[in-house]
Each structure stands twice: as C-alpha cells, then as structure tokens.
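Kindly generate the complete structure, drawing on both the sequences and the hints.
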Amino acid sequence: MQQCRLMLSTLRGSEEKHQRQHASSETLLREREDLENENEKEGDTEDDETLSDSWRYNRRKLALQIVLGAWMIISVCCVFYIIFKLISEVDKRQHVFPPSDTSNDADSNAPKFTDMKLQLIIPSYAPHFNQLLEMLHSMACLITDINTIDIALIVSSTNEVLTLNSLLAASNAEICGSTFLSYNVTPHSYQLVYPPKMTVYNLYGMLPPEIQKETDPRETGNLVGRYGKYKYQSMKKLAAAAYLDYDYAMLLDSEGLVIRPVAFKEMINAWKQNPVIWKELAQPGSPRRHEWIAHINEACAWTLGRNMENFGMGVSYWERYTWILEKEIVMDMVNSLSRLDPVTGFFSRLLAAQYDIFEIAMYKMHIAARKMEQSSSNSTLYTKYQVLDMEEALYDYGLGKAYKRIPSNDPVIAQEFPYMILEEPQQDLLVAFMKEYKVFFLYFHPRYVGLIAPWVMQSFMQKAPLAMTVSGATGMRDKVIPDGNGSWNMTYV
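Residue numbers for the sequence shown follow full-length UniProt numbering, beginning at 1 and rising by one.
No lab work stands behind these hints: they were computed from the structure. Glycine included, C-beta positions come from ideal geometry on N, C-alpha and C. Where hints are given, some of them may not hold.
Said to hold, decoys possible - Restricting the straight-line Cα-Cα distance to at most 30 Å, the calculated cross-link-like pairs of lysine-lysine (DSBU-like) are: (1) K404 - K463; (2) K197 - K327; (3) K463 - K435; (4) K371 - K327.
To be verified - Derived CB-CB ranges, DEER-like: (5) I175 - E291: 45 to 51 Å; (6) S182 - D115: 31 to 37 Å; (7) P196 - L68: 49 to 55 Å.
This is the structure in structure tokens:
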C-alpha cells in the first residue's frame, strides 16, 4: 500500500516537474521571442538611421556638385566674355585707326602712332600772345586727335606765365561750335576753346644748371641782350625739347594756323615712314649765297663739334616748315661731346658760338653727320632718314619750270616754296611732290596772298596736303581758306 502511495506520489511529482519544465520552456520561448522582436526593432531603427545619414551625405554631395558646376559655367562665360571684349577692342581700334604698312619701316621698334607720345612745343612771348591764342583755337577745332596731344607753351618769365594763363582762362572766348573755317567740327571739339592738354612753362625751369646760373628765375630775358635773339630762341626750343617727355615732338612758332581737319599723330606716323632731311647748295659766288645763312650753318656745325668741310662747303640745312623732332635724337645731340671743345656742355657751346644759331638747322645737320659716321651708319635711328638736295629733287620730279619761279637770288628755296604755285600748269605735279615727301606744312608770308591769283591759290589749297601754315599769313583765313577748302580731304598717302 505504502509502495502504491509512493509510486503515485512519484508519478505526481514527475508530472508536476514536467509541467513546471514545460511552463519554464514556454516562458523562455516567449522571452526569446520578445528579445528577438526587440532586436528586430532595434535593427530596423539602426537601418533607418543609416539610410537617413546616407541620404543627407548624398544631398550634400549633390549640392556641392551643383555649386562647382555653376562656378565652372560662370568661369567659362567670363573667359569667353574677356576674349570677346579684346577682339571687339582690336576691331574697334582697327576701324578708327587703319594700320599703316610698316614692312619697310627701318625703325621697327618705334611706337605705333596710336600709342605715340606726341608733344607740341610752342615758344612765345607777350607781343605774340594774340596770334598764339588764334593758333591754339584752330588746333582745338580742327586737330581731330587733340585730346591725346600734350602742348607745352614756353615763355620767358613769371609775368608772362601769369599773363598767358589769364588769357587762356578768359570766359569771353568763343567755343569751336559746329563749324570752323567752313569745316565740320568733331563732336569732342564742339565745346572746346583751346586744346585740353596744355601747360605754360617758364623757360628757367627747363634750362640746364650751368645756364640757370647766368639768369634770373623770374626773368630770363637778360640772355637775349647777352647772346642775341636767335641763340636765345634756339636755346628756348632745344631746352624744352630736352626737358619734356615724348616720342615725337613738333616745334611750332606761335604765328601758325591749322587750316583743315587733320589727325596729327597719323600725320607724323606717315611722315616717319620715310623722313627726309633737305639740304640746299649755295657755293661762294652763287646768287643764292647769303653770308648770314652760311655763318649760321658754320655756327651750328661748330656747336656739334664739326666744321662745314664735313658736309661740303656751301651746303645749308636751313628749313622753314617741317620741324619734327625725335626725343632719342635730341638727347643724342645734346649729350654728345664736342671734338673741338670736349669740356664744354652743349648749351654753353650753343651760346658761345661765333654766329647766330638756328636750332632746326643744327638738328638736321646732326642727323646728316651721324649718317656719315661708321659707328652710326647701321643705326635704325638714323638710317631711316634720307638726305636730299632740294633743287635736284625738284628737277628730278619734273618741276624745273616751277623751281625757276623762285627768285634766283633767294637764299632759301624751302622758304620760298609757295612761289612754285605760280606755275599753274605744273600744279598737279607740285601737289604730287608734296604728297610723296609728306609736305604738310608751308611757310606762308603775307605777300603770297597778293602775289598768287585767288583762283590759282584756291585750286592749290583744294588739292595740296597742307594741314597748317607756319606763319601769320594775313588775309589767308578770310580770303583764301574758306573758298579753297571745297573738295579737299586729308589723306596721308
């Protein structure tokens, strides 16, 4: 019995144990399922976070690529814009300033005329101020590139500086307006009275120290009484030419007049392609021989450390209209030592010369002398110049009859050039000569206006390449120029 109870108890215990084990297994299974569910939830959360980070990274990357792409597009556009502007500017310049053929230009390193620094050097004094103002007004109205040209007005004292500046500032002066001498005025000159880039200089500030010691800062006129007006005038021009900064300069007397529209830089560019130094020959005994002019040439040669035997007796380099200077040649001339007086400076030699000096004759003589020297014979600074005899050139051109119109006893052929206008049948040939040798300026004495018949003068003025007269020809402005300007158009060929 007891054994039965024991066996029953054992069976119950085993059944309860089994039930407890089964319950425990179910609990563990549920806990495991719950844990797996939680792990799945955590994995899903981590996956979501990973996807979010990846999306943000890709978004930033895309934004950066968009910015870089935009920057590259803008850069390319800027490059094309710059290239387009450069091409447009070149086209524009070529349209306004047609390039000249410089293939035969010996001075290939010289500045092109669009970049050329051009200086007008105009000495004057109080009695000529009214004529000077008239010339400056004609420059403002008819020089089409006047805004690019520097003008130096050289006077002798502080009082003249004050007086001239006061006259230039006068409010009653007339503007150019729409026409001047019957020519249309360019729009940029319409409101001008005088050229915009002018400076009035007292000569004293331009003189070298050794000459300043001989005069007064307020008034240099005492040098006229000591050395004579021609040496003083030559020093006045050459001191300014050495002092100022330019590539090319033009010396002008204050009595000139611009007579038709002209681009000065283009004109100088045409002239410098084949510049000519004119000489004339007047042997002793010749009716053209003038001792004063012969002495001037001797004094110029001595100042340069030479003598007339170097050039030929009777040769003269006097010229009265084409006064174009190169800065490099000017400085070579004034800095060169004299073989005859190596311890004395150029300007002191000029003032000490035995006879009068004409600066342009000396400048041209210097070029002719340099061309004869072996050391300079290959220098492009000088080889581009021709030295021609005026009389021979006129005869070679077929202008013998026109040449004979010049009085046989006149000492300077170039000064009396307008006499050849009287030979009316050769007028076209004379004009062709002037165009070939770039004769843009003439010395017109008042007597020529009455000497030459009006219709002959007007016909000549219509065709000749004249830009400017270099003297105060009374009557030309009122009697000749308005009727003579008709069909003429400035050209440089």
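Checklist entry - Going through the earlier hints one by one, which of them does the structure break, listed in rising order? => result none
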